[in-house]
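S.K.: Full structure from sequences and hints, please.
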Amino acid sequence: MKFEDLNLHPTLLKAVKDQNYINPTAIQAQAIPLILKDNDVLGTAQTGTGKTAAFALPILHHLINEKTNNKTKIRALVVTPTRELAIQIGENFTDYAKYNNIKNTVIFGGVKQGTQTNALSNGVDVLVATPGRLLDLMGQGFISLNDIGYFVLDEADRMLDMGFINDIKKLLEKLPKNRQSLFFSATMPNSILTLSNTILRNPKKIAVHQVSTTAETIQQSIYYTNKSDKKDLLFHILKNNDINQILVFSRTKHGADRIVRNLQKNNIEAAAIHGDKSQNQRQRALQSFKDYNIRVLVATDIAARGIDIDKLSYVLNYDIPNEPETYVHRIGRCGRAGEKGVSISICEPEENVYAKDIEKLIKQKIAAVQHHPFPQTEKPMNAQQKKESEKEKNRKKQEFFANRNKNRNSGKANPRNNRR
4 MKFEDLNLHP TLLKAVKDQN YINPTAIQAQ AIPLILKDND VLGTAQTGTG
54 KTAAFALPIL HHLINEKTNN KTKIRALVVT PTRELAIQIG ENFTDYAKYN
104 NIKNTVIFGG VKQGTQTNAL SNGVDVLVAT PGRLLDLMGQ GFISLNDIGY
154 FVLDEADRML DMGFINDIKK LLEKLPKNRQ SLFFSATMPN SILTLSNTIL
204 RNPKKIAVHQ VSTTAETIQQ SIYYTNKSDK KDLLFHILKN NDINQILVFS
254 RTKHGADRIV RNLQKNNIEA AAIHGDKSQN QRQRALQSFK DYNIRVLVAT
304 DIAARGIDID KLSYVLNYDI PNEPETYVHR IGRCGRAGEK GVSISICEPE
354 ENVYAKDIEK LIKQKIAAVQ HHPFPQTEKP MNAQQKKESE KEKNRKKQEF
404 FANRNKNRNS GKANPRNNRR
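Numbering-wise, this note's numbering puts 344 at position 341 of the sequence shown, and it's gapless, one number per residue.
Simulated from the structure, these hints should not be mistaken for laboratory data. Glycine included, C-beta positions come from ideal geometry on N, C-alpha and C. Some hints here could point you the wrong way.
Unchecked claim - Only pairs whose alpha carbons sit at most 30 Å apart, straight line, appear in this in silico DSBU-like list of lysine-lysine:
id	residue 1	residue 2
1	Lys106	Lys40
2	Lys256	Lys394
3	Lys343	Lys359
To be verified - Derived Cβ-Cβ restraints for the label pairs, each shown as a range:
id	residue 1	residue 2	range
4	Asp294	Gln267	16 to 22 Å
5	Ala370	Asn149	51 to 57 Å
6	Gln286	Asp21	20 to 26 Å
7	Val356	Asp21	45 to 51 Å
8	Lys180	Ile25	35 to 41 Å
9	Gln286	Gln22	20 to 26 Å
10	Asn149	Arg261	44 to 50 Å
11	Glu342	Ser124	39 to 45 Å
12	Ser224	Gln116	53 to 59 Å
13	Pro383	Asn408	55 to 61 Å
M.R.: Given below as structure tokens:
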């Protein structure tokens, strides 16, 4: 099948040709005809298989064919969990609508709203938004959802994971009952199915792969090591000169910053993106990575959602996620659109159980690297050992702060120290 077989508007076919799209992906081939026939759709597909085009192209087709001269009314709404993903979706809509007069804009938090409200005042057909900023501007009277004919919830599972369920419910109360609704996600847990039943009208369900499986084009491997050796093992892996660009996942923001500091100390160009970084900082880091000005981009899961980098070949899990579905999302950042990818995981003893959960979910064994300089020699702690370990950590922390305060007080009492 080719895009020409999907009966899309000629301007859209011309635009996708500019993007070098020839054959639609499985999710596109199944979803586009259903959306063109005004069906609600519940779609599941691996990350990187073209879900955005699967909903953007048919929505644009509908908008082009609708007769309207009122450019102040928003006709399509796409809601997504992160700024990066919203920006990516907005760019895709711009690319696809380049030969017609359908306008879109993107709104998200973390930046001043002036530019966004100005764009809204000038009129847009398609609005791509994160939930918080959307509700905020609705409350200020900048946005009305009364004329929405097409509603898309993208990465729906992440919405629930990130605590957006109440925001989604508020939005649903404001949306017209007579609309076409589309849900797309890489995974479809029971919580999403329950939510979809309250929103979608007799939806057509699409699952172009076994739910929560990983792409066959991604080669997966895992290094079992000790927690104290993770840093050195990462340096060892990065000695491979074939890895000219790699996305590294950290469980926490502080962990991401620490990894970057350690890499920079070893003259490896790196930057971090996470929720404590401003939007400008995140965009600069992402652009530097795309331009190959830095070799390593370290990200938390929330910040990484929406990262779309052409030809990204390597992803590394510095911390094994405790939710196996998160692993599917992470490694889906590489090997996109049929390209080959490599996923590397570093597993400390306490994460062994997470690795087993992942293998159970994806129904395959991840190849363990047997010969490397930092093998796992420690055993996972039992509940009592964990309790004792936490107790010892707290004792050392209290001791550290007590000694620091003692030294500070002694320094103040010594006039000679004060003159220094």
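S.K.: Does each hint fit the structure? Answer for all of them.
M.R.: Now the hints, each set against the structure:
1. Lys106 <-> Lys40: holds (23 Å)
2. Lys256 <-> Lys394: With Cα atoms ~24 Å apart, Lys256 and Lys394 stay inside 30 Å; holds.
3. Lys343 <-> Lys359: holds (24 Å)
4. Asp294 <-> Gln267: 16 to 22 Å: holds (18 Å)
5. Ala370 <-> Asn149: 51 to 57 Å: holds (54 Å)
6. Gln286 <-> Asp21: 20 to 26 Å: holds (24 Å)
7. Val356 <-> Asp21: 45 to 51 Å: At 48 Å between Cβs, range holds.
8. Lys180 <-> Ile25: 35 to 41 Å: Cβ of Lys180 to Cβ of Ile25: about 39 Å, so the range 35 to 41 Å holds.
9. Gln286 <-> Gln22: 20 to 26 Å: Distance hint for Gln286, Gln22 holds at roughly 22 Å.
10. Asn149 <-> Arg261: 44 to 50 Å: holds (48 Å)
11. Glu342 <-> Ser124: 39 to 45 Å: Roughly 41 Å apart at Cβ, these two residues keep to the hinted range, so it holds.
12. Ser224 <-> Gln116: 53 to 59 Å: At roughly 45 Å between Cβ atoms, Gln116 and Ser224 fall outside 53 to 59 Å, so the hint is violated.
13. Pro383 <-> Asn408: 55 to 61 Å: Cβ of Pro383 to Cβ of Asn408: about 36 Å, so the range 55 to 61 Å is violated.
In this structure, the hints that do not hold are numbers 12 and 13, in rising order.
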